[in-house]
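**Q** Please work from the sequences and hints to get the whole structure.
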Amino acid sequence: MPHRKPRLGVWKFASCDGCQLSLLDCEDELLAIAGALDIAYFPEATRGDVKGVYDLSLVEGSITTPHDAERIHDVRGRSKTLITIGACATSGGIQALRNFADVRDYMSIVYAHPQYIETLATSTAIADHVKVDFELRGCPINKGQLIDVVSAFLAGRRPNTPAQSVCIECKLKGNVCVMVTGTPCLGPVTHAGCGALCPSYNRGCYGCFGPKETPNAPSLSAWLSGMGMNEKALERIYRTFNANAEPFRKESERHDAQNDQG
Amino acid sequence: MTRKTIKVDLLARVEGEGALKVVLHDGKVQSAELNIFEPPRFFEAFLRDRHFTETPDIVARICGICPVAYQMSGVHALENLLGVTVGGPLRDLRRLLYCGEWIESHTLHVYMLHAPDFLGYDGGVQMARDHAEAVTRGLQLKKVGNEILQLLGGREIHPINVRVGGFHRAPRKRELAPLAERLKWAREAAIETARWVATFDFPERERDYTFVTLKHPSEYPFNEGRIVSNRGLDIEAADYDAHFEETHVAHSTALHSHFRDGGGSYLTGPLARFSLAFDQLSPLAQEIAREIGLGRECRNPYRSIMVRAVEILYACDEALRVIEDYEEPDRSFVAVEARAGVGYAATEAPRGLLYHRYHIDDAGTITDAQIVPPTSQNQACLEEDLVDFVGSFLDLPDEALRHRCEQTVRNYDPCISCATHFLRLEMDRA
Ligand code: SF4
Ligand code: SF4
Ligand code: SF4
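Protein chains in written order, with numbering that gives the first Met the number 0: chain A, 0 to 261; chain B, 0 to 429.
Worth flagging that the hints you see were computed from the coordinates, not collected in a lab.
All of these numbers come straight from a predicted model, not from anything done at the bench.
Careful: at least some of the hints might be erroneous.
Ranges between beta-carbon positions, derived for each pair [as the list claims (entries may be wrong)]:
#1 B:391 with A:161: 56 to 62 Å
#2 B:341 with A:227: 26 to 32 Å
#3 A:143 with B:128: 22 to 28 Å
#4 B:129 with A:213: 48 to 54 Å
Distance condition first, Cα-Cα at most 27 Å in a straight line; then the derived DSSO-like pairs of lysine-lysine [to be verified]:
#5 B:172 with A:172
#6 A:50 with B:20
#7 A:50 with A:79
#8 A:172 with B:20
#9 A:4 with A:79
Derived list of chain A stretches under chain B, where covered just means 3 residues or more per stretch with a C-beta under 8 Å from a C-beta of chain B [stated by the list, open to error]:
#10 25-33
#11 36-45
Glycine residues also receive a C-beta, built at the ideal position from the N, C-alpha and C atoms.
**A** Here is the structure:
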């Protein structure tokens with residue numbers, strides 16, 4: 000029997016396309032990936048058919064419309080392995096800022112005729128809707144990690160993505176901690192994966208890889224508040240590209256609530 | 000009697016998700032609509048109540064394929080508001096960053112998204128089977144653009160190094176040196192790209208476009224300049240709202256930009272820049288443009304792939320110039336202080352003019368933001384192309400005609416994710 004290449008599907012929900020673009024940004028590896036997998040559905044890159052069963056589905060984006068809330072079940076139904084890529088797909092992305100507001104207010108800010116618009120009041124992660132086999136963090140994801148995840152799938156092993164914090168990557172790189180000079184940094188509570196990029200460019204981490212496992216956000220907030228951040232700023236710092244990831248959401252709400260009392 | 004609808008349900012090889020519907024009636028094109036499934040993401044609403052310093056990180060997320068354009072328009076609008084001018088090496092570094100984005104974005108479009116249309120493949124990966132050399136060259140050329148973004152921006156997608164006033168960290172001169180070597184190779188690859196795409200078969204279709212672009216007295220436009228047209232428009236970015244408006248109509252899923260006062264549609268992007276700023280291309284880019292048969296003006300949208308190749312070459316040349324002239328600045332940014340006001344800017348994203356306007360209060364909090372992406376600005380023009388051109392392709396078999404319609408859309412390299420206003424809408428099939 001001829002060996003069949005695994006079928007790959009790349010699916011998009013509410014997103015900026017940046018995470019799936021990471022695949023096309025693997026300039027040195029793209030043709031090798033295309034040789035190992037049958038790229039059956041990837042509308043950003045090729046015409047192709049939605050039909051059939053997929054051995055590996057990469058899903059980008061969050062669920063923000065009633066139609067997408069149904070479509071994700073269809074995608075899950077025909078995917079043997081489903082991996083979510085990026086902050087949108089793993090935590091709702093920046094579009095989850097609506098979860099803290101009234102989406103009707105948002106609509107009226109942007110559109111002259113909000114009645115034409117079909118949207119949900121929330122933006123949620125793919126795992127809030129269907130079973131997900133593996134989640135790759137980042138806004139955007141790291142290319143190297145993406146290649147590792149795809150290779151892991153092909154080899155039938157677990158991906159090698161460390162669950163530690165950005166601080167560990169900082170230490171490994173020999174960076175001077177930016178907190179020393181009074182720059183706020185979310186590194187202690189943020190998932191590793193970027194190679195401590197921001198501190199390497201003299202700025203604090205803003206949490207684009209989302210919360211690490213078991214982060215102690217309240218303790219970091221106490222530090223940041225000691226550095227002069229007010230409640231409003233603390234609320235905002237956790238509400239960026241992973242605002243709906245639970246540890247960040249809880250911490251931002253804690254500061255939001257205190258605001259309201261004050 | 001003979002009513003026929005051409006539908007392309009999911010438009011492949013555009014950034015974002017869209018569909019298009021062309022309705023024919025008795026052999027004439029009745030209407031053409033580009034429908035977008037892109038869910039609304041509400042960026043203008045997210046920006047409210049944020050501190051202005053957060054703008055570059057937030058607006059980058061509008062589009063993964065041209066985040067630099069959003070960052071540049073954002074920081075320029077805020078600097079306009081704060082009364083700050085960024086000059087010298089920092090200004091040049093911003094041009095360099097834009098060169099990186101133009102190289103990677105244009106090359107992606109040329110090789111992976113648009114060339115397959117001309118050569119009859121479903122996509123760049125399939126095309127690689129028969130055109131391995133070309134595709135490999137394309138990927139390596141794109142990579143050079145991404146290397147600029149990586150060094151200067153920290154990473155290719157959503158760079159982290161841009162701030163209002165400049166950069167968090169300015170590169171050392173010796174860090175830039177290896178890039179120069181790569182760019183010399185890229186310049187040759189860009190020339191080969193231009194010669195390669197010039198061999199494609201182009202439908203001879205032209206339209207009398209109103210071109211709109213930024214125009215700078217001495218440079219091919221990236222970040223600065225007046226907004227001009229080939230019909231006499233010549234304004235500051237601050238006057239954009241007085242001349243253009245976006246309308247939200249039921250038949251379309253997108254906000255369409257038009258000239259105010261019924262002035263109609265307009266085209267921004269490579270054809271407009273090339274046609275209105277030809278003299279500011281580098282001498283080599285001008286020479287190659289002539290060699291491959293482009294005039295000083297290009298009104299055939301299918302030839303946009305040739306113009307993009309020329310712009311890639313220009314971006315390589317300009318990047319080399321910046322690297323050669325670069326002197327390390329004393330500080331990587333100009334200090335800025337919050338003050339209440341309103342600021343405006345337009346820059347040239349690879350796909351065309353991108354306009355931003357911000358209001359902030361004394362504390363530096365954004366109270367209002369407006370962003371008009373290139374795809375919104377081009378959408379009306381794109382639909383007119385479809386109506387205009389499809390009629391002359393009607394003798395093609397259905398599948399070929401469908402393909403031609405898709406190609407007509409892809410001429411624009413439409414970035415649907417970046418059109419923040421696009422949203423889903425049910426079509427009226429009455
Ligand atoms: S996670 Fe970030 S980079 Fe990825 S699709 Fe969402 S907004 Fe884009
Ligand atoms: S700079 Fe940030 S990430 Fe690095 S060690 Fe300090 S707190 Fe941690
Ligand atoms: S340091 Fe933080 S914000 Fe910066 S890239 Fe890494 S995870 Fe993202």
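**Q** Taking 48 to 54 Å as the stated bounds, is the beta-carbon spacing between residue 129 (chain B) and residue 213 (chain A) within them?
**A** The hint (48 to 54 Å, Cβ to Cβ) holds, given that residue 129 (chain B) and residue 213 (chain A) are roughly 52 Å apart.
**Q** Check whether three or more residues of the region 25-33 of chain A sit with their beta carbon closer than 8 Å to a beta carbon of chain B.
**A** It holds, with 5 qualifying residues against the three required.
**Q** Take the region 36-45 of chain A, compare each residue's beta carbon with every beta carbon of chain B, and decide whether three or more fall closer than 8 Å.
**A** holds (count 6)
**Q** Residue 50 (chain A) and residue 79 (chain A) were given as a pair; does the straight-line alpha-carbon distance stay at or below 27 Å?
**A** 14 Å, holds
**Q** Using the Cβ atoms, figure out if residue 391 (chain B) sits within 56 to 62 Å of residue 161 (chain A).
**A** 58 Å, holds
**Q** Starting from residue 50 (chain A), check that the Cα of residue 20 (chain B) is at most 27 Å away, please.
**A** 22 Å, holds
**Q** When you take the CB atoms of residue 143 (chain A) and residue 128 (chain B), is the distance between them in 22 to 28 Å?
**A** Once the Cβ atoms are compared, 27 Å apart, the range 22 to 28 Å for residue 128 (chain B) and residue 143 (chain A) holds.
**Q** Decide if the proposed pair is consistent with the structure: residue 172 (chain B) and residue 172 (chain A), CA atoms, cutoff 27 Å inclusive.
**A** 22 Å, holds
**Q** In this structure, is the beta-carbon distance linking residue 341 (chain B) and residue 227 (chain A) contained in 26 to 32 Å?
**A** 29 Å, holds
**Q** Does residue 79 (chain A) lie within 27 Å of residue 4 (chain A) when you go C-alpha to C-alpha?
**A** 14 Å, holds
**Q** Just to be careful, I want the Cα atoms of residue 172 (chain A) and residue 20 (chain B) compared with a cutoff of 27 Å; is the pair within it?
**A** Status violated; Cα separation ~53 Å.
When each numbered hint is compared with the structure, a violation occurs for hint 8 only.
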